[in-house]
Each structure stands twice: as C-alpha cells, then as structure tokens.
Amino acid sequence: MLHLINFQKDWLSLYFVFIIILIFIPVAIYTKGYIMEYKKHYSANYMLGLIGLFVASMIGVVVSNNVISFLVFWELMSITSFFLVIYEYMHKENLKAGIFYFVMTHISGLFLMIMFAFLYKYTGSFDFSEILKFSADFSSKQKYIIFILALVGFGAKMGIVPLHAWLPKAHPTAPSNVSALMSGVMLKVALYGFIRVIFIFLGSTPLICGVIVLIIGTVTAIFSILNALLQNNIKKLLAYSSAENIGLIFAALGISMILINYNLLMLASLALTAALLHCLNHAIFKSLLFLNAGSVLYATGTKNMNELGGLHKSMEVTAICTFIGTCAISAVPPFNGFASEILILRSFIEAITMVSNIWIIILIFSCGIIVALTSGAAFYATAKSFGITFLGKPRTKKAEHVKAIPISMNIGQGILAMLAIVTGVFSPFIISKISYYTNNLLDISGKNPSFENETEIIIFTMILIIITFILYMFNRVNSINKKQEINDTWACGYSSDKPYIQYTGSGFVQPAAKIFGTIANYNKKVNFKKNISISQTTSDIVEDYLYKSSLKVVNYLTTKILKINYGKIQLHILYIFISLITALVLVLKFV
Amino acid sequence: MIEALLTIILISSIFMSGVRRIKLITAGFIFQSAAIGLIVLKLGYETGKVDYYILGILTIVTKVIIIPLIINKSVKKLKINREMELIVNGFVSYIITGIGIMIAFGLLNKSQDNFLKTGIALFIIGVLLMVARKKAITQMIGFLIFENGIVLFETSLSKMSLVIEAGIVFEGLMLALIMGIMIFHINRTFDSINTDFFENLKE
Amino acid sequence: MKYNLFYFFQSILIIVLSPLFIGILKKMKATLRGYMGSSIVQPYYDLSKLLKKGKVISNRSSFITTIGPIVILAAAITTTFFIPVFYTSMGKTIGNLFILMFAFGIVKIFTVLIGLDSSSTFGGMGASRESFISMMAEPLIFFLIIFLYIETKDFNVFHISFINSKIVHYDTAHLIAMVTFSVGILAENARIPFDNPETHLELTMMHEAMILDLSGSDLAYVELSSYIKLIVYLIVLINCFVPIGIATTFTALSLFIGFIAFIFKLLFCLLGIAIIETTLAKSRLFRGAELFPAMISLGIVAITLIYIL
Amino acid sequence: MYIIVLGILFLFMIVTPLILKNLKITGFVTIFGAVLVLGIVFKIITLVSGGNPLSYFNEFFYIDSLSVVQLLITASINIIVSIYSYKYIGNEIKEKIISNRRGKFYYFLFNFFVLFMMFIALTNNIVAMWIGLEGTTLTTAFLIGFNINKNSLESAWKYIIICSIGIGIGLIGILIFVNAYSNQDGSDVLKWSHLVKNSNPQSTYAIKIAFTLIFVGIGTKAGLAPMHTWLPDAHSEAPSPVSAMMSGVLLNLALYVILRFYIITKHIPGLQNTKWLFIIFGCVSLIISSFSILRQLNYKRMLAFSSVENMGIIALGLGVGSRIAVFGALLHSLVHAFGKSMLFLTAGNILSAYKTKRIDKINSLIKTMPINAVFLILGMLVITGAPPFPAFFSEYYIIVGTVETGNYIITALYSFCLLLVFAGFLRVFIKIVFNTEPGVKYAKMEVDKENTLPLALCFVSIIIMSLFMNGYLSNMINNAVSIICD
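Chains as they are written, first to last, in the numbering used here: chain A, -19 to 571; chain B, 930 to 1132; chain C, 31 to 339; chain D, 20 to 505.
Some hints here could point you the wrong way.
[What the hints assert, rightly or not] Computed Cβ-Cβ distance ranges for the label pairs, DEER-style: (1) N507/A with A462/D: 39 to 49 Å; (2) I994/B with Y427/D: 51 to 61 Å; (3) N166/D with N507/A: 29 to 39 Å; (4) K462/A with T229/C: 26 to 36 Å; (5) D379/D with K540/A: 19 to 29 Å; (6) I1110/B with S201/D: 31 to 41 Å; (7) L335/C with T498/A: 23 to 33 Å; (8) I330/C with F570/A: 27 to 37 Å.
Honestly, the hints are just simulated from the structure, not real lab data. C-beta atoms are modelled at their ideal positions from N, C-alpha and C, and glycine is treated no differently.
All chains should be modelled from the sequences, with the hints used to inform the complete structure.
Dropping the structure here:
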C-alpha cells in the first residue's frame, strides 16, 4: 500500500489543499476550547485524533494521483467522519443519524469504485496521469456511463437532491467543529472529485450531461433552501443551507459543462471560476456559521432557536461573527458570498446571450430565476437564524443563563470572520488567480475578457467605508449634548417585559411556510385543549417518499428471503437437490 | 449372479422407501449392503484384484454387521420402532421412487452399466428417506443408502488405489458412528428423535 | 477627471434632492386626493427636526441598532455613485449593476435585523414580511439584469444607458421588462400595493414596522436612505429603459437637455406612483406576493420574445 | 522432508491430549506445535515463491503457490485459534461448563481438524482432497455439538446430514470425473498435477456433469447458497474458536477444492463457461446472505451469514476470471480468514462475558468491554471492506474485474449486496458498541482483558498484510493467479 502514496501537484489539488488547511487552522483553534464541553462524558483525545485523521485523509484525497489511493483516502474520510458524527454516542438518535450517514457515504463510495473501474476498463490504468492521456479518446457512450456514475458517487457525498438526506441528519448530530469541517471542507472534497473527473478526465461532455447537472443543481438549491427556511434547529438549517450552496456550485458547473459543449470556452472558464470561488467562500462562511452555532450550543445547551434570543449581550464576539457570516451567506457586499454569487449569476446571464439553442436558453433562464429566488430565500433563512438567535430578548431560561465561552473559540470564529471579509473585498485578486488556472485548464490562451472589470468591489468598499466613517463622525458630532434615553421597548401600553411577544423562528417564516410549505411537508396544528398551543412540523419529502419506500422494498425482500434459512432440515436437503438439478440443467444446456 | 444381486438391491431399496417400521428398514438395509458386498467380492473374483476383495469385506463388515448393530442398539434404547409421522406417506413414496428410478434409467438408457443405474436408484431412495421422513434415525439410514449407492458407483467407475477406497469406506463408517452417537445425544436432550423439535435456531 | 467630477456632482445632486422628490410625490398624492398637503420641502424639515432630537433606545437593542442606521444610509449614498443621472458615457466608470442591486442588500439586511433587534412584536412582523417580499422580488431584479445584458451586452449602468439612449423604437420585450421592473421597484421600496408607507396601523405595516423603535437621528438616517433608495431605483428605471434624451456628450446644451429630460421623466414616474397609490389599496400580503409569479412569467415571455421574434 | 516433519508434528499434537492429563500443558503443546507448523509453512512458502511447485511421495503431495495461500491461512489461523483456545477451554473448565475430559477431547478433535485441513491443501490426489474434506466434517461435527444442548445438537445434526449429502454428491462427481479420464494411465489419473496438463478427456459431457456435481456437492461444504443452510446454525452454535476456524479456513478450503477441479475443467476446450456456476452461485449467496444479515437477532449467526456472503464474493471473483478479479478473490480469502476469525473470537469473548448471543441484550460495549469493543469495530471495518484494510482492495479488485469483463448487472448486484451487508453490520455493531440506554450505569467488566492477545494478533496480521501487499504477498498471490488463469 505504501507505494501508492504519490502526490498530485496540479493547481486544482493545491487549491483544495489550500481550502482545507485554511479552514482547518481556525477550526483547530476553536476545537481547543470547544472540547471542554465534551470532556465530562467523552474522550477528548479520541476526538482530536479522529479530527486529525479526518483532515489528513481529506488532504490525501485531493492530492492522490492514483485511483486506489484516492479511494482509500476517500473511504478513510468517510470512516473518520462517521465516527466523528457519532461522537456523542450516548444519544440514540445520533447513532441512527450516523448510521444513515455512513450508509449514504458507502453508496457514494461504491459508485465511485464502479466509476473508477470503468475508467480502468477504458484506459487500462489506475494512474491519473495515464487516464488523462487517454481523455481525448472517450466515446460519448463511455462518457455517459462515467458521468452518471460520477454524478451519483460524488453527488451522494455532496448532498445533491435526492441524495441529500444525510446532510440534515448528520450535521446537527456531529459536534459543531466537526460539522464545520464536514460542511465547509468535506463537501468540497467531493466537488473536487467531480471536477477532476468531469472537467479534467472527460474534458468535454455531451450536452445532456451539462443540462442534467444544471437542473440537479438548481433543484437542489431551491429544495434545500426552502427546507432550510422552515427549520428551527440552527444546525439543521445550516445543513440544508450547505446543500443549497452545493446546488449553486453545481449549477455553475452545469453551465460550464454546457458552454464547453458549445465551445464557448471563455465563458465556461468564467462559470468554472465562479464554482471554484464559491467553494472557497462557502467553506469560509459555512464553517464560520457552524462554529457560531457550536458556540451557541456550548453556551446555552440548545440548538433550537425558538428557545434562544438576546444572545448578543452575553456573547458579543459570537454575535458579531455570526452577523458577518450571515452577511456573507446572503451575498451582501463586500462580504465574500457576494463575489461568488455575482460570478455565478453573471455566468448564467452571459450564457443566455451566447448559447444558440432556444431550449437551452429557456432552461438556463428558468434555472437562473430559481437561483435568484434561492439567494433571496437564503437571505431570509439566515436573517432568521441570526435574528431570532442573537437579537431581541431571551425566550427561555437557557438563553438567559449563558456559560462563558473560552477565548480560543472566539479566536477561531474571529479568524474565519476576518477571512470572510478579506476574501470578499479582495475577491478580484482571487478571481484572477483562479481564472488563470481555469483558462489553462480549458486551453484558453491570452486574456479572457470575461474577467475584466472585476475591481469595482474594491472601489465600492472604499466608498462605503469612507461614507460610513463620515457619517459616523457626523453622528458623533450631532449627538453631543443630545438626550439619549434607554428604555424598555414600547409594547402598545402593555408591560413589554414578556419575551413571548416576540416573533419566533416559526413565526418569522410563516409567509414562506404558507406558500412553499408543501415542499418541506409543513404541517401546523392548533390545539385548543386547556392552553392554546401550536405545533408545527416539517419533514423532508424526498426522505419520506423515496427513502422510506425503498426501505419498504428491502424489508419486504428480507422477509421473503429470510424464510429460506428457516424450516425443516428435510427442506434444506431438498434445496441442495433442487440447486443440483437446476445447475445440471443449466450446465448441460448452456455450456 | 450379479443380476440377481442387483435385483435384491433394487427390491430392498424400493421396499425400504415405503415401510414404517425402523426394524424393517434396517433389515432391508442389511440385505442391500450384503448384496453390494457380494457384488464387489464377485468382481474381485472375476478380475482377481485384491482391492475388490478388501472393499467387499470392509463393506460387509461395516454395513452388514457394525452399523445395523448400532442402529438396533439405539432403537432398543430409544424405544422407537416406528416412523410414525411421514412427511410423504408410504403410498406416494413408492410412486415417487418408482418414477424417480424410471427417469434415472431413462436418462441413462445409453449406458450399459447396470451398476451405475442401480447406484442412481439408491441415491434417489436415500434422498427420499432423508427428505420425506421425520425421525433422525431414518435420515441416517437414508444417508447410508446413499452411501451404498456411492459404493456401487465406485465399483462401476473407478480404478483407484486401495488406500483411497479404504479411506472412503472407513470415513463412511465413522460418519455412521458419529450419527449414531449424535442420535443418542439428541434423544437424551430432546426426549425424542423427531426432527420436528429442531426449530430452536431462528434469526 | 472632469467626467469623474461630474459624475460625483450628479450623485451629490441626487442625495441632496431626493427628499425634495419625495416631497413632490407627497404633494402629488395630496393633490390627487383633493387636499392641500404639506409643502414639497417638508421632508427636509422632518429630517432636520429628527436630527435635532435626542433618541430613545430600547434596552434590548444591540450593535445592529447602534451602527445600523449609519450603515444603511452609507450604503444608500454609495449606490448613488453607481448610477448615471443625466450624463453618461462609455468611458471607464463604476456602475456594476450587480453591485448596485446587491448594495441594497446591505440596506435590507440591516433594516430586517433592526426590526428583530428591539424585541417588539411589530419589528418581527415587519422583518418577516419584508424578507418574504424581497425574497419574492429577487427574481425580478435578476430578470432585469438578464434583460439589460441581452440588450446591451454590458453590466455597467452607464454603458447600458448610453447604448439604450440610441434606441428610438422600443419593442414589446423592452416594455414588458420595464413593467416588470416597475413592479420590482414598488416591492423593494415598500410602496402600495405591497406596503403602505403612510400608515402606522399595526397589521399593515412592513417597512415602518421595522423602524418603529428608532428615533431621533437614527430615524432620520433610515428615512433619508429610504428616500434615496426610491430615487435611485427610479433613476435606474429611467436611465436603463427610457434613457432617451440623456446627455451623451459633454456639452452645455446636451447636459441641459439631459437635465430637463431627466427631471421630466422622474416627475412622470413619481406621478405614476402617486396615481397607483391613490387608486389602489394595499393588498393582502399573499395577494401581493401573487404578483411576483405573474411578473416572472411576463419576464419569461419577454425573453422568448427577444429570441423568437 | 517437510511433509514428514509436519506429519510427525501433528501426530504428536494429536496424541498429546490423549496421553497427558494436564490440560494446560496440552494447550501449550498445541500452541507450540502451531508455531512450528507456521514456521514450516513459511519455509515452504519461500521454497515455492520462485514459482516452481514442490512434490513429495511420488507426487502424492504437491505444493504450488495456490496451495501455499491456503497453507498460510490454515497455519496462521491455527496459531491464533490455539492461543485463544488455551484460555477459552481453561475458562470453560473453571466455570464447570465442561469437564476436563471433554477439554482433552476438544484438543484431540481440534488438532485432527487442522491436520485434515493441512492435508487438503497439501495433497495432489483429487480423491484424497475429498477424504480430507470428509475428515473435517467428521471432526467438526463433534466440535459443533461440543456444548451438548438442544441448540448445538440441532445444529450439529443439520451440519452432519447436509454436509454429508453434499460431500457425497461431490464424491459422485469426483468419481465421474475420474472416469471421464479413463483414457489416462491408471496411476496418474488421480493426480491433479497430471490432469491439469491433460486437456483431452474421454468425454467432455461427463466432465460437465461431474464438475456440476462437484461444484454443488462441495459447494455445500463451502457454504454457497442455497446449500448454506447448515452454516448459520453451525457457526453460531459452535464454540467460538471452532467457528473462527471453520469460517475462516474450512470454507476457504472447500472452495479451494472446487477451484482445483475448475482449473482442470477450464483447460478443456469448450468448458470455459463453467465459470458461470461460480458467478451464479456467488451471486445467489451474496443476495441471500446480504438480505439475511439485515434482520438477525443473534450476532454469531450474523457473522455466519457474513461468511456466506464472503464466500459468495470469493466465488464471484473466481468466476469473473480476469486476472485482477482472481487476485481479488484470493486476497479476499486471506483477509476474510483473519477478519472473520477476529470477529468470531471477539464474539466469543462477548459471549463468555454476557452469556447471551442476542443482540438486543448487549449495550454500550465501549463502556463495559472497551478493548473488545474496539476490536469489534475494527473487525467490522475489515470485513465490510473499509480501507486501509486489504478487504477493501480485494472487494474493489473484484468490482474492477466484473466491470472489465463487461458483466455490468453483476457489478450492480454485487455492489448492492455489499451495501446491504454494510448497513446490516453497521446497524448491529454500532448498536452493540455504542448504544446507551438512559438511566443505566455501565460498569467496566473484568473479563475484558482476558483473551485479547489472539485478537491483537489477527489485527496485526491484517495490518501487515495491507502494508506488504505489494511485496511478498502479492508476489505469492500473483503466482497463484497464474495457476488459475493461465
């Protein structure tokens, strides 16, 4: 096995290694403090070791240049992440979620194994460089096969609909630093694999592949963000939102694939750059938000935002960091989500004008509209998550009595928050860096006009900062000698000191629940017995229909097949002879 | 002479496939094994090979004397004499055996080797006894009939060295012994040798 | 440099004049309803009065309330530097349509969070509705950008208005897109039929509900920013869809014509809003939301029209 | 020479329990003997590693790379299991479950059992292989029924009846097979090394029938479904060391015997398609076992089903027939031997601590028996094909083989079954190891440390295997693959 370790050193690998390490450092710092909470019941060394192994195996995946080592590290990544997910094993639900997660990743692993087996069949080699040499000679049938297998294989790990169901189960279960790594980095590793196989090994794919990727990406985005909107568990919301961002990246990749098919390489490079940039940005802000959720959990012991509120006073740093993360994820300039969001939208728009087929145009246009709706919904969801958790008044005792957070956790969050701003403001430089490589990848020589005029965001930020500063000074001057009164909030004359008059998370998204509720299987029940109370439930419809029905089929088959093993010994003897006769007949007939 | 012995084998085996008394089955088994032993000895006489003599003597010693002794002993100890419940009743068993032997002979009509055909008939009856009877002891006898078929097969087909054949026969004997001991244990723990009680192992 | 200074001057003009335009709008509405109404410079009085006052802050409020109004105003002011008013050229300018539209995101996120910050019921309600409406309106903005890019192959507002100012004959798609964007403007600026900017009735407020707990200078900043926001949106509408008459050369005459045309068009738009606001009533939240799918399908029609005709 | 030494060694080991009264010394002798046997096997491996087969006693014993793989498995599992048995039997006697006499009986049968298995791997005579297999049936029948109670007797009876029939059918097949070669010289006709070079039998028709009979007959012993029905009962009821030995080694050897005949058959023109027997029975085994694993209440039974599944995988790999798949299959038989032994031995430890085989009675093993829990999890990962353990490679090579030869349906079926098995194992073992009932205090058990050396040995061998996969091991397996494929 040792001989397999031989590194790949092209830019794509290095880029993802960069992302992994970039996220790992703050998360590691954060872990130092965060682990205190677990020390009582669980072993800290166990977690630290697993995290180390997890990160190492992720790096292993992205640097391996050979199928076997790729798969080995891939599976190692799954195994270690599984054990991290069930780290708090004393809760039964965690075990269930973990098993579900591991089975899903195993599906992904098996599909990848088969896919690489096909690549081996077509190219005769397990070596990436050998496969690459062959990449021009794939027939379109071969490309279809590899594409479908890669889509399912990597998709199951990325959490594209309908293979996303593990995300909202595994992420809330895992300790928050682990979910930060899983959502921020592990999903990206899957994306790395997809990009390597589709864009580097296959080169150009048939048009239909791009269309499939685009549609799946869009459906994933809208489906998961609408589900995210209706969640009250912070981490579940974030998990769905991760699926949404993956959907966006996927849609951009789909656009890129379609454009490569039309030989519009300049634009394809733009879309690919958008996807890669969003990988980085999402890694930063999503891990930031997960770390924040972890801090909230650490301090209050609950993930349910309807029990929280008013945390901005007791957890100031966390509140500010979450605010930055929220801005980033809802694409507010100059935070980093914005930079990639406009690149993705731009690639949609420019693709519409360049592609000649009217059906493709309509497709891209409708997908673009949905993506825009998605970004609106993302704003809604994260505003809810931040606003309900941190602002207002504490809703329960849990939110009032808050445990102090270790400094290392704050440092970890702070670093990521800084990164979210820096990568946002200086996104033009990052874009030009990435685009250099994507241009190389797609064999574009010379300057790509798609990437001009990208520096406006810096000017914008400068203007914004200057004006804010001026206004701030003006305000300071203006408020001198003015009376400033601090009072309770006015509540129409009633005593306002009632936290339950505030909007809850469920109430906040009520308008959306009313319109899009069916997508998340939203149910509201009002009970009039004694006290009037409202119970609201959501569930994943894909899980309800697809997963449960396939489980039913498996259960049915199990019941039938199990019967073979029971029964009388006489019957078992009969089996031997039946199989003997069948085998004889078959052999005499066909051999 | 050989034809007569083969007739004995066939008649005894068809007889065994339907009777209920274990003693009768044992008796049939003794006749059958004796006939097989004699056939092997006869072959030895014809060809002049020592192998056949030894195989024949071994067969007669084990299957005519030792194994029936074991069976009778355990039957006496266990106080069972009758296969009370049949999965397939006697009448149908006869018919199945008849049809089975017919089909086997029909399939092998090109072969001139009567040993082979008889061997296959013995397989069928052995399997029938194992599949269609509930008592462990009948199953054991069924297996022994099956083994007899193998001996017939051997004599018709092979030309192995003595050691090997002795090995095969010896292991057959050991198997019968082990089965006997096991039946004894089963009776002691289950208070019956009916395989209906074998339903503990599930899931 | 000269051009840049002029752009700067245009933007300052907008910042300074936007309360005036709002005053004109209020006057128009009053006239249409048949009463006198306040003076058109009333918004200036209001703002200065608010700036002079002290403020009352909720004891639950956080850094959002402290910095929010300032940032909101700053963002609104910043957007004015990204649009042409009555002069445009193909030169190198900052006017990215994306940045412009997403900059309003800053305004939006802060207002929504301010709504949640004060822990009052109204704030939450307003925030919830505002988020909902703006989520539904997002596709419209996106559609606007797509459409303009298809027409002009550019994302820069200056360039777009320069290119479109040469069009004399507008096709159907163009007009449909314009109508769609107008609805988007009404939604984003909390106007009727989505929201009534005048009432402070608990159940109908959206925008007002969110800033209910602001007072003094904070309220002034937010008010001013909402004035600027409306005007900026209208200018985008004007200069992207009907930029006819806008100055494209740097001569006194063309600048004068451009200025006159701009004022005229803006007043026309304000009149339109006034008419809408006096004739229509605020619709229910979900009835209003139904407008968006309608507009999106209109947008799809427009896009297909471009490619099929 | 080595054969004689081996023979004497085994004679000594078999006689020891009969003569000596002290069980501890017997146990030591067995362990010591096992170590010596492994030493000799290593010596043989180095002799054969060049690719040249050895033969002794007028070619009655014949050792090539294929048999070396089996020898290695047998000898190494033998050591592990004898170390385990030492404490296991000691405990059983201490707790008065069995008498001293039965303990001696155990060692006697056990050594006989190992002898027969070594014999199968060493011999060149095709009927002698059969005799060896039959011998294992004889010896293990008592070992399975070792704890004389209802369940063990039932399973032993099932085992002996079903396997004897299977083996009997196999013998008929072998007889026909030999007869089909009646054109050959009488003294050579039983020698595998002779038959394999000789690809023109008198009647290919007879060979077809014979091979089918051999396959189904001996396949019964190898635990291929649907002839596997004895297996879950026998393996769950036998004492754990015996289960480990049977599951890890015996099933392999039965498959090995089939393989020997397959190699002869394959060389006969027109009979290459007999590989479909392997593929079809492999798939049936996979399907039946993987679905059965999903709903087991008894963990040892579940491990037994997993053995069926792994046999299916190996058969599938052999049937697919491309070099890489056969390599995978042979590697898998090695890994499976170690991994499954480890699991069975761990299960034995758990059984002796908890006195129950029911999955629902055991919770939070990580608290009560941490060492065993870790081995259980590791064993699960090994057996379900998780990297970096070599089962991953073997299973993957078989996938590659099926894809390479264009059997896509089989690829799909195979991967689906792997997934089911994985889910089943995960569900059960995670439940056993981690599940914590609220309000229950879990105290650490003293017996945890008792019998962990063999487990560690298993694990270390697996690690060594994965580390040196490209050195000696792959060289050896590649030689074996050449025997099968060329």
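Going down the list of hints, with the structure as the test:
1. N507/A with A462/D: 39 to 49 Å: About 44 Å separates the Cβ atoms of N507/A and A462/D, which means 39 to 49 Å holds.
2. I994/B with Y427/D: 51 to 61 Å: Once the Cβ atoms are compared, 60 Å apart, the range 51 to 61 Å for Y427/D and I994/B holds.
3. N166/D with N507/A: 29 to 39 Å: 58 Å, violated
4. K462/A with T229/C: 26 to 36 Å: 29 Å, holds
5. D379/D with K540/A: 19 to 29 Å: Holds, since D379/D and K540/A (Cβ atoms, about 23 Å apart) stay within the stated range.
6. I1110/B with S201/D: 31 to 41 Å: 39 Å, holds
7. L335/C with T498/A: 23 to 33 Å: 32 Å, holds
8. I330/C with F570/A: 27 to 37 Å: Given range 27 to 37 Å: violated, Cβ gap about 58 Å.
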